[in-house]
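Novice: The lines below spell out each chain.
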Amino acid sequence: MIAPQAICPEGTRNETFVLNLGPQHPATHGVLRVKLTMDGEYITRAEPVVGYIHRMQEKMAENRTYARFLPNTSRIDYLSAMAYTHAFVAAVERAARIEVPARAEYIRVVTSELNRISSHLVWFGAFLLDLGGFTPLLYAFDDRERILDLLEGISGSRLTYCYYRFGGLCNDIDEDFIKGTHDFVARMRPRLKMYRTLVTDNIILRKRLIGIGPISQEMCRRYGATGPVIRGSGVAYDVRKAEPYSVYPEFNFDVPVFPEGDSMARYLVRMAEMEQSLRIIEQALDKLPGGPVMASNVPRVLKLPAGDYCCAVEAARGRFAVRIISDNKEIPYRVKLRTPSFSNLSLFEEASQGMMLPDALALMGSLDLVIPDIDR
Amino acid sequence: MNLTLQQLADQLSSGFARETAGGVVRVVDYARTGCHLEAAVWPSAVVCAAELLDQRGFALDTITGVDWIAEGEMEVIYDYFHATAGWRIVIRSRLPRGNPEIPTISGVFPGADWHERETHDFFGIRFLGHPDLRPFLLPEDADYHPLRKDFTA
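Going down the list, the protein sequences come from chains A and B. Mapping of the first sequence onto the numbering used here: position 317 corresponds to residue 324, and the numbering continues sequentially without gaps. Mapping of the second sequence onto the numbering used here: position 60 corresponds to residue 62, and the numbering continues sequentially without gaps.
The reader is advised that the hints may include incorrect statements.
To be verified - No more than 30 Å apart at the CA atoms, straight line, and that leaves these computed lysine-lysine pairs for BS3-like:
{"no.": "1", "chain 1": "B", "residue 1": "K151", "chain 2": "A", "residue 2": "K294"}
{"no.": "2", "chain 1": "A", "residue 1": "K336", "chain 2": "A", "residue 2": "K310"}
{"no.": "3", "chain 1": "A", "residue 1": "K186", "chain 2": "A", "residue 2": "K200"}
{"no.": "4", "chain 1": "A", "residue 1": "K294", "chain 2": "A", "residue 2": "K200"}
{"no.": "5", "chain 1": "A", "residue 1": "K66", "chain 2": "B", "residue 2": "K151"}
{"no.": "6", "chain 1": "A", "residue 1": "K200", "chain 2": "A", "residue 2": "K42"}
{"no.": "7", "chain 1": "A", "residue 1": "K200", "chain 2": "B", "residue 2": "K151"}
{"no.": "8", "chain 1": "A", "residue 1": "K214", "chain 2": "A", "residue 2": "K200"}
{"no.": "9", "chain 1": "A", "residue 1": "K186", "chain 2": "A", "residue 2": "K336"}
Unchecked claim - Here are some of the chain A residues that sit facing chain B, going by a computed Cβ distance under 7 Å:
{"no.": "10", "residue": "Y59"}
{"no.": "11", "residue": "I105"}
{"no.": "12", "residue": "G231"}
{"no.": "13", "residue": "C317"}
Rather than coming from a laboratory, the hints here were simulated on the basis of the structure. All figures in this text were calculated on a predicted structure; none of them were measured in a lab. Think of the CB as a built atom: it goes at the ideal place given N, C-alpha and C, for glycine as much as any other residue.
All chains, full assembly: derive it from the sequences and hints.
Specialist: Okay, structure coming up:
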């Protein structure tokens, strides 16, 4: 047997090496690169390198009308297109003082919440795939498929929806959608219960997540982390409650909060949020008012009064905010898109320090990143 | 928070007054603008503003720029939010377009690091004291600033 000193001469124990994670790697769920400086299995520094799929959405906003920029907003976080288009139309409606009919707002809530569930289901499947469990993905995608079919029926798209319009919606929903959504809610509740017994209570999953990747409230605040990340650190911050928009104040729902701050807490937040979304959907369908789904007298080409207008929504990954600066022309002077994945990833370097690589990947999965949301 | 918006505005105003340059703070109509409080400050006061908000439990939402080419100015906009009070505060600062420089607030909010790098990418605004202003979202050899109004591809 060779003595260890012969392979590792004196002094080499403190050496670090650089390991590139990505930009093409399944665990980064898109084109993200993390430049890892490793001390053996331990991370001494993890520097995310972003911008591989940067599209300069904000520049595109400056050379087209508001209506022509609207489809772009569904391609930022492609998993929560409803919420993103909602923020943009709501910012324009705020600026142009457009009153949206109640029926349209109710349908916006139903579709946004369905979209939140489908987004969380993708996260659930992909996260477990990261952790080495293949089967849950197949179950999750089976459920998600039903949501995609429902939303395709009314909007024509399966992912990058452009269903909301300035002043309402492009189509009303039909009986098929209402019945299909009721059926989905009835189906999803026992499915979530099954996920609890099948996955959440699984000892291997718990050992991989409990205590792993702790993120404190203070760290969330200093980096501007929102969504399930901040709620998994014990802060009940949800834009739907903090800055109520649309008709959310009309519904009873809880904001799931888990104080532990570890990857398990973020997991549990998202699992509990799906149940809350089902509650909101049910209430919205029960109370669904009649009437038009589009405001009358919305001009074909909008010219917003000069000024600065913001609107934020609670997307699946957290706070998405749009700022429109108008100089009273048909095209925006400036549009800023504040995306949740950007801020949520920015704390990764600090949070992953000293972690083992497989644990850091569990932490990254629990942040639920969408890379085009970061790169824009 | 045990404060009203007006009290917070007064506290910020007196905080800025202690700075040499100062700034103007006002409560704005949330329903119209989407924020609760706006402050226009001199570039020298942005770190002071960040510290005052940090002490009061605010989180950094985002940082961005605007190119006001007709006025020959660049604007830097800092957005903050308070997770429990639900307030949104906007701090604005204008810089000469010919020499857009402003101190970094990344010493107060580490999350500012990326936002400032992105703003430097897009507008060429230099954040003095920033640890690393290499291109962030743009290619590593980018020497252009695409959100400047006089940028041509």
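Novice: Against each hint, give a clear statement of whether it holds in the structure.
Specialist: The hints, checked one at a time:
no.: 1; hint: K151(B) <-> K294(A); verdict: violated (48 Å)
no.: 2; hint: K336(A) <-> K310(A); verdict: holds (5 Å)
no.: 3; hint: K186(A) <-> K200(A); verdict: holds (22 Å)
no.: 4; hint: K294(A) <-> K200(A); verdict: holds (26 Å)
no.: 5; hint: K66(A) <-> K151(B); verdict: holds (10 Å)
no.: 6; hint: K200(A) <-> K42(A); verdict: violated (39 Å)
no.: 7; hint: K200(A) <-> K151(B); verdict: violated (54 Å)
no.: 8; hint: K214(A) <-> K200(A); verdict: holds (21 Å)
no.: 9; hint: K186(A) <-> K336(A); verdict: violated (43 Å)
no.: 10; hint: Y59; verdict: violated (9 Å)
no.: 11; hint: I105; verdict: violated (13 Å)
no.: 12; hint: G231; verdict: holds (5 Å)
no.: 13; hint: C317; verdict: holds (3 Å)
Hint compliance for this structure: hints 1, 6, 7, 9, 10, 11 are not met, and every other hint is.
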